[in-house]
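Peer 1: Now for the letters of each chain:
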Amino acid sequence: MSETGIGAAVRRKEDRRFLTGRGTYVDDINRPNQTWAVIVRSPHAHARIKSIDTSAATAAPGVVAVFTGADMQVGGLPCGWQIHNKDGSPMLEPPHPPLVSDKVRHVGDQVAVVIAETRSQARDAAELVAVDYEMLPAVIDMREAIKGGSLVHDDVPNNTCYDWELGDKAATDEAFAKAAHVTKIDIVNNRLIPNAMEPRAALGEYDAASGDYTLYTTSQNPHVIRLLMGAFVLQIPEHKLRVYAPDVGGGFGSKIFHYAEEAIVTWSAGKLARPVKWVADRSESFQVDAHGRDHVTHAELALDKDGKFLGLKVSTLANMGAYLSTFASSVPTYLYATLLAGVYTTPAVYAEVRAVFTNTGPVDAYRGAGRPEASYLIERLVDRAARETGISQIDIRRRNFIPAEAFPYQTPVALQYDSGDYNATLDEALKRADFDGFAARKAEAAKRGKVRGIGFSTYVEACGIAPSAVAGALGARAGLYESAEIRVHPTGSVTVFTGSHSHGQGHETTFAQIVSEQLGIPFDNVDISHGDTSKVQFGMGTYGSRSLAVGGEAIIRACNKIIDKAKKIAAHVLEASEADIEFKDGQFTVAGTDKKMAFGDVALTAYVPHNFPHETLEPGLDETAFFDPLNFTFPAGCHICEVEVDPDTGVVEVANFTAVDDVGRVINPLIVEGQIHGGVAQGVGQALLEGCVYDADGQLLTGSYMDYCMPRADDLPSINAGTTTTLCKHNTLGVKGCGEVGAIGSPPAVINAVVDALSELGVTDVPMPATPQRVWQAIQAAKTAAAAE
Amino acid sequence: MYEFEYHRPGTVADASAAVKSAADGRILAGGMTLLPTLKQRLASPSDLVDLADIAELKGISVAGNEVVIGAMTRHAEVAASADVQSKIPALAQLASHIGDPQVRNRGTLGGSIANNDPAADYPAACLALAATIRTNEREISADDFFTGLFETALSDGEIVTAVSFPVPDKAAYMKFANPASRYALVGVFVAKTGGDVRVAVTGAGSDGVFRVSEMESALAGNFSADAIAGIAVPADGLNADIHASAEYRAHLIGVMARRAVQAAG
Chain A
1 MSETGIGAAV
11 RRKEDRRFLT
21 GRGTYVDDIN
31 RPNQTWAVIV
41 RSPHAHARIK
51 SIDTSAATAA
61 PGVVAVFTGA
71 DMQVGGLPCG
81 WQIHNKDGSP
91 MLEPPHPPLV
101 SDKVRHVGDQ
111 VAVVIAETRS
121 QARDAAELVA
131 VDYEMLPAVI
141 DMREAIKGGS
151 LVHDDVPNNT
161 CYDWELGDKA
171 ATDEAFAKAA
181 HVTKIDIVNN
191 RLIPNAMEPR
201 AALGEYDAAS
211 GDYTLYTTSQ
221 NPHVIRLLMG
231 AFVLQIPEHK
241 LRVYAPDVGG
251 GFGSKIFHYA
261 EEAIVTWSAG
271 KLARPVKWVA
281 DRSESFQVDA
291 HGRDHVTHAE
301 LALDKDGKFL
311 GLKVSTLANM
321 GAYLSTFASS
331 VPTYLYATLL
341 AGVYTTPAVY
351 AEVRAVFTNT
361 GPVDAYRGAG
371 RPEASYLIER
381 LVDRAARETG
391 ISQIDIRRRN
401 FIPAEAFPYQ
411 TPVALQYDSG
421 DYNATLDEAL
431 KRADFDGFAA
441 RKAEAAKRGK
451 VRGIGFSTYV
461 EACGIAPSAV
471 AGALGARAGL
481 YESAEIRVHP
491 TGSVTVFTGS
501 HSHGQGHETT
511 FAQIVSEQLG
521 IPFDNVDISH
531 GDTSKVQFGM
541 GTYGSRSLAV
551 GGEAIIRACN
561 KIIDKAKKIA
571 AHVLEASEAD
581 IEFKDGQFTV
591 AGTDKKMAFG
601 DVALTAYVPH
611 NFPHETLEPG
621 LDETAFFDPL
631 NFTFPAGCHI
641 CEVEVDPDTG
651 VVEVANFTAV
661 DDVGRVINPL
671 IVEGQIHGGV
681 AQGVGQALLE
691 GCVYDADGQL
701 LTGSYMDYCM
711 PRADDLPSIN
721 AGTTTTLCKH
731 NTLGVKGCGE
741 VGAIGSPPAV
751 INAVVDALSE
761 LGVTDVPMPA
771 TPQRVWQAIQ
781 AAKTAAAAE
Chain B
1 MYEFEYHRPG
11 TVADASAAVK
21 SAADGRILAG
31 GMTLLPTLKQ
41 RLASPSDLVD
51 LADIAELKGI
61 SVAGNEVVIG
71 AMTRHAEVAA
81 SADVQSKIPA
91 LAQLASHIGD
101 PQVRNRGTLG
111 GSIANNDPAA
121 DYPAACLALA
131 ATIRTNEREI
141 SADDFFTGLF
151 ETALSDGEIV
161 TAVSFPVPDK
171 AAYMKFANPA
181 SRYALVGVFV
191 AKTGGDVRVA
201 VTGAGSDGVF
211 RVSEMESALA
221 GNFSADAIAG
231 IAVPADGLNA
241 DIHASAEYRA
251 HLIGVMARRA
261 VQAAG
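Residue numbers (this note's numbering), protein chains in the order written: chain A, 1 to 789; chain B, 1 to 265.
Among the hints, a few may not be true.
[As the list claims (entries may be wrong)] DSBU-like, lysine-lysine: derived pairs with alpha carbons at most 35 Å apart:
1. B:K39 with A:K450
2. A:K103 with A:K169
3. B:K87 with A:K450
4. B:K39 with A:K50
Calculated directly from the structure, the hints in this document are not laboratory data.
With the rest of the complex left out, here is chain A (with noise of 0.2 Å):
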């Protein structure tokens, strides 16, 4: 293994950049004749617009325009995955427009957008804009929105999106029946807001020249933004529509969507022709940033007197808030049900999900959209069967693991795993937590107080989104491919033009490496070309760690192709047959021969052919290829946390947490280590301090950091990190992804550690975020409950 390839350690080169404060964002690009743009915002979560008076704020100073929905009549904000319901029908999908003009329906709604010389100056105008608004009573708790008393729309009955069955319901129902042991489980997944560091921001701007329209925004999939917002809201096409989505600080999911003020800035430039620019601040995030999770489920596992699961079923309801985002309908079906087996054999499972229109801001995909969501109702439940049973936490796991002999695995909810070593990944958590050791611990705790608690998370994702054929099949309005381009330069060095969008990922480094290793080239001397749509071919972006398992590949792809030519030239300047070209380590030798050529030297050939046969070899080196996947990719993992509990105050301490997961082939193991700790970080945070909370009336009371808890370095351990390794099968490189496991694995081993904890105080459950106070209230409850008997 090279210092530089794959495998290798290496630092990630784009952080020179951003540790020195040279990083581009959005809001640092200005351009010449700038107006800014501030959006007029509901403050109410359900109201019907009497008027809108813009007149004040259109005579304030420094005033360019104003904009109600009145103006502004475009396509609504399209939504790219449709589901069906039981009886066959298609999901309700309500108009979403970028300004309202009937009727607000979360805090946060865009009603106008003032447009101004300076942004102080929109500012200051923006709280003229005089809005009558005659309230609505507000809908926000889910069990109350699928009665139906008010509508979020008005033509949603019982403000439900879509009612989605997966699985066989008639065999779940025969395994229950035969059950030794039936464990229940209510639960709640917590809304989280995701806060990455860098707000969104967008600036528009058109050319009355060409008539060509740019868009630089904070996003993960600017070609997707372009087709989305090209096709569907402004009716601009590709060739008049740049999106340029510059270095991105952080997306957790919340910047793939289509957002309205990417319409606004950009429609608003065309009808100014001049460039509008709008970066929001914290508490905007905080409103509109579509936020993640917000399921309420029921769930059954039946067992046998083994131990064995036979079945289980599930009943959730999901949160869409106000209006579906771009692939909130995707999140609780097909990126939720499809995970409900597990790691296990679990032979029947049936999954009803209700999404659920609510007046709070809109739900969509976060860091790891829908699968957290599962392995947290599996794992709670497993280990409360396991506590009911009597069996321990480590045997009813590996009692019911699908054996590593048996991949390629069909589950009954649709997904074929192609590879995994769950046994073997719970061992190596087992050693690195020094599980044998817990007891000790435990003991040692006591003395000082605290009660020690140790818990199990034993999960599987799919991810590498997806087969364009199965998404297809599943209701999904595009592909899910991935492009790459090499274009190597006379000289021998290569600039890669991918799909993929890094906004914290290290794509520059990573995808480096691959370049370098499989061309045979010096890493320094590949550059990575990604989130400009005037350069970059095409791409479907970042997000369901996808970038390794589809844009890396399609990057070899395009390696071989460009190898394949390369070959052709060689074999023309060696005079040798192209079939007896070898390439290996940067060098093209004739087979049997010392006859060989450069990397560098076929590359210059390739741009001064003076002697091509042209006929037959054209001159140039640089190739793309598509690469769409043949099956999703399957990583998996046992996340072991051990806690302290303070018994009383409540107060949570993470002790130790060992994350061990087989994310394939592992290309940069300092960027797999990054990712995971972030991953744990987060979900942690979801564990112990993230929930997003609103009141009656639909006002956000988790609206700033002073109420939102995010984590934070001391609440975190030193966190444990290994990997296993199988490959997936299905990719040349074998690798799987790892940008979401560590949020997918590490809830439940926190709950589950916190729950062993207070067992001996009698506590069964405890919801998430599992605060001080939550804490405190389940054991009073629990010493209530226990004094009653």
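Go by the hints and put chain B onto chain A.
Peer 2: Then chain B, alone, in the frame of chain A:
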């Protein structure tokens, strides 16, 4: 932020005059509450009078059995002061846990107590240590200074110049931090000076910082955690929010008070 006139006087007298003559003037100390409020357009004062250049408001001194801290002394300076650490270590410890490093290097003692945020730490120290608040006009006992939520005895144009803390025999502060903001959800400062014990609670009271007389008299007789183990603070009149109910806060007052007594030794 809305526009305002900015003043940076060199003396307390000039500062006081500037505030009094403004239509709606505000004094700017460390700005840890005021500046975010302005940025969010939640306040629109006509004038800001910045105390940063007034040398007489800065510094820490020991005079007899008192530690005197200038109003514009930063939390980090109080935390690092050898005088405070040796005379009233509980006060240095309190200062070292306010906010984060940025806040501790900008926020000031005078700004904190003049703002009297119900979840701030310093008001508990002032009340428990029976401090005297010095202003440009008079001296006010801590018992009279904190009058309600964000309310103090300060009159218009009156500026805190220093706080004088009597040195106690024993003292300790225990804070239970709000997990999100890390302000005090409940903070209890216990101080024993001669036969006098004072227990002051911040973060919990719906009227701001308050004393727990039942605990004080129990501890005056027997300064031990056991002495207050049976004393339940009623939940009535305590704050309730998404982070902590009044009942939970009442419970935490007991836990933090016992831990403070143990820590005081």
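Peer 1: Name the hints, by number, that the structure is in violation of.
Peer 2: Violated: hints 1, 2.
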